Amino acid sequence: MSAKKLGVAILGTGNIGTDLMMKVLRSPVLECRLFAGRNLSSPGMTKASLLGVPVSAKGFQSIVDLKGELSLVFDATSAMDHQKHAPVLKELGLVAIDLTPAKVGKMCVPAVNLAECLNEPNVNMITCGGQASIPLAYAIKSANPGVEYLEAVSSIASRSAGPATRINLDEYLQTTEQGLSLFGGCERTKAILNLNPAQPCVHMQTTVMAKIAQPDLERTRAAVAEMVARIKAYIPGYQLVLEPMLENGRLVAMVRVDGLGDYLPRYAGNLDIINCAAIAFAEAYARQRTAQT
Amino acid sequence: MSDGKPTITVCDATLRDGSHAYSHQITLEQVKAYATAAEAAGFNFLEVGHGNGLGASSLQVGESLVPEGEMLRAAKACLKRTKLSVHVIPGFATINREIAHAMDAGVELFRVGCHCTEADITQRHIGHVRSEGREAWGVLMMSHMVSADILLEETKKMQSYGAQGIVLMDSAGAYFPADVTAKIGLLAAKLEVPVGFHAHNNLGLAVANSIAALEAGARIVDGTGRGFGAGAGNAPIELIAAVLIKQGYPTALDLYKALDAGDLAAKLFAGSLPESNGVTIVSGMTGVFSGFSKPVQRAAKQFGVDGRDIFFELGKRKVVGGQEDLILEVADQLAKRSKDAGQTPPAP
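Protein chains in written order, with our numbering: chain V, 936 to 1228; chain L, 25 to 372.
One chain only, chain V, in its complex shape (with noise of 0.2 Å):
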């Protein structure tokens, strides 16, 4: 059966690389021969060899070594470390699927133009914050014309931000607003991003805001219900938690996100809406090889 599944490696083995690798060792169509970091004793690097994935200390080097048995490869290590990994990636033959801000590739949000970047050698998975929030700003802007304004803000459990996140916020804000802006299709964006200490800890939450002259708010309603059933097909724990409105002038709809629990708790949407998105990515990827061959 194996043989018929698509040969993926995952690069870093930090918070998003761990729960990556368990989602993928659920997956019917990819099989993780590869989970490569630096340090074999990480907690992430010692749940992969308990549960019997391949595990390389050597970093991006092991992928190059492993190449022939691999297609596609998530990295998940940083934006400056991807930057140096996509070329070579490109020329191994390998997409590149990069869950870091790098943005060397096509961007995807998978419930908005999954289709459009199956032939790309490289797609960049935006920011957690971007997943969650650009599918609502394309589906405001489907119902309204004139948006003269986009807006994104997430909170998120500090536990659920590793070092990583938090040394490349200003990285996250501009990533996250680019994205605003491509899907949007409105130039003027801002992303915010809260981290709450709060224990229990609290779940990723985001909240859009528009700017729009005259706002159909009916029309805006039944796209942004629509778009969050497409969305759930992938990230089943996507919710709507305040429809949209109209207050103080501005146009307002709020998600909360649950994760599935593979790796961090459930609180920690934002890892599971990039992962579950880059994964949707993945398998549709794989699926349309095989249909192909």
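No lab work stands behind these hints: they were computed from the structure.
Computed from a predicted structure; not experimentally measured.
Treat the hints loosely; a few may be bogus.
List of simulated lysine-lysine pairs, DSSO-like, C-alpha gap at most 27 Å [said to hold, decoys possible]:
| no. | chain 1 | residue 1 | chain 2 | residue 2 |
| --- | --- | --- | --- | --- |
| 1 | L | Lys-360 | V | Lys-1167 |
| 2 | V | Lys-1146 | L | Lys-325 |
| 3 | V | Lys-1038 | V | Lys-1002 |
| 4 | L | Lys-107 | L | Lys-291 |
| 5 | L | Lys-56 | L | Lys-281 |
| 6 | L | Lys-29 | L | Lys-56 |
Chain V is fixed; fit chain L onto it per the hints.
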């Protein structure tokens, strides 16, 4: 009298914290008039900008009437001895955009703040400001929410990133004087850099808490003209001046000019001066960010619920500054709940 008492750095946050009290509609004329008064009084720093700091003008926390670059330049033109400072929260403000622009506008001090447990997100911003040769302090907001030991741990991180001063903000106006004594006392004893306190008056203790901070070893104190700030306002800076003089701290402040600054704030912002009311008291009791007062009162009206209930619910959820969007969700839930019950919800 002044023998042995240390010199205190006085920071005037009127044109930053007051932004909350004015729904971020402060005009250039008001900036110029007040900055001139702050300079005359001899306050060490004048903080200017959106209530939530650089880059915070947004639908989430309110849009500023005047772009921050214009506000900063207008203030800077009125200042000589008094230095220009800004509040910076990573997650709102970025280095390449807002901090770079503020440096161009002549900002001398960057007070880089975060929620009281998240100091590591300030590392890059503090480091960058220092590498550019400007002054950087670390600010812990909502500092009532954790113990003195955790505050020490977090502020030590900021100090290691290069912060040249540390300020604890009582963002929810929730401190009692004994809390101030314990927390400021520990930091003043253990940190190498000067420590300061930024009070809010939600429980009527802003001046008393500021005095407690000074007695516990604070070398920096924040105030605003007539207390013009979020929630029930801050420690009125004219009262801080009076306290410093009466208590014998050596100061270069001009008492009458400091008193004039307070009177000017009252005139410039007449009709919007903060006052203690049911909502601000509950904000202090529940330990919810003072800046939520206006949006909570607005949501209470729109959803037909009691603003005090919104605050109690937000307090249960332990929201932090910047999570203003949750006000609408909570108000919506309360409205649905009371509709289901067919009555107004009981007070907690």
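Practice task
Sort out whether V:Lys-1167 lies within 27 Å of L:Lys-360, counting only the CA atoms.
Solution key: Cα-Cα ~25 Å, so holds.
Problem - Satisfaction of hint between V:Lys-1002 and V:Lys-1038, Cα-Cα up to 27 Å - result: 23 Å, holds
Handout entry: 27 Å Cα cutoff - pair L:Lys-107, L:Lys-291
Key = 24 Å, holds
Problem - Restraint check for L:Lys-56 with L:Lys-281, where alpha carbons must lie at most 27 Å apart - result: Holds, at roughly 16 Å.
Exercise for the section: Take the C-alpha atoms of V:Lys-1146 and L:Lys-325, compute the straight-line distance between them, and say whether it is at most 27 Å. Expected result: 21 Å, holds
Practice task
Would you check the hint for L:Lys-29 and L:Lys-56, treating anything up to 27 Å between C-alpha atoms as holding?
Solution key: With a Cα-Cα distance of about 33 Å, the restraint between L:Lys-29 and L:Lys-56 is violated, given a limit of 27 Å.
When held up to the earlier numbered hints, the structure conflicts with hint 6 and nothing else.
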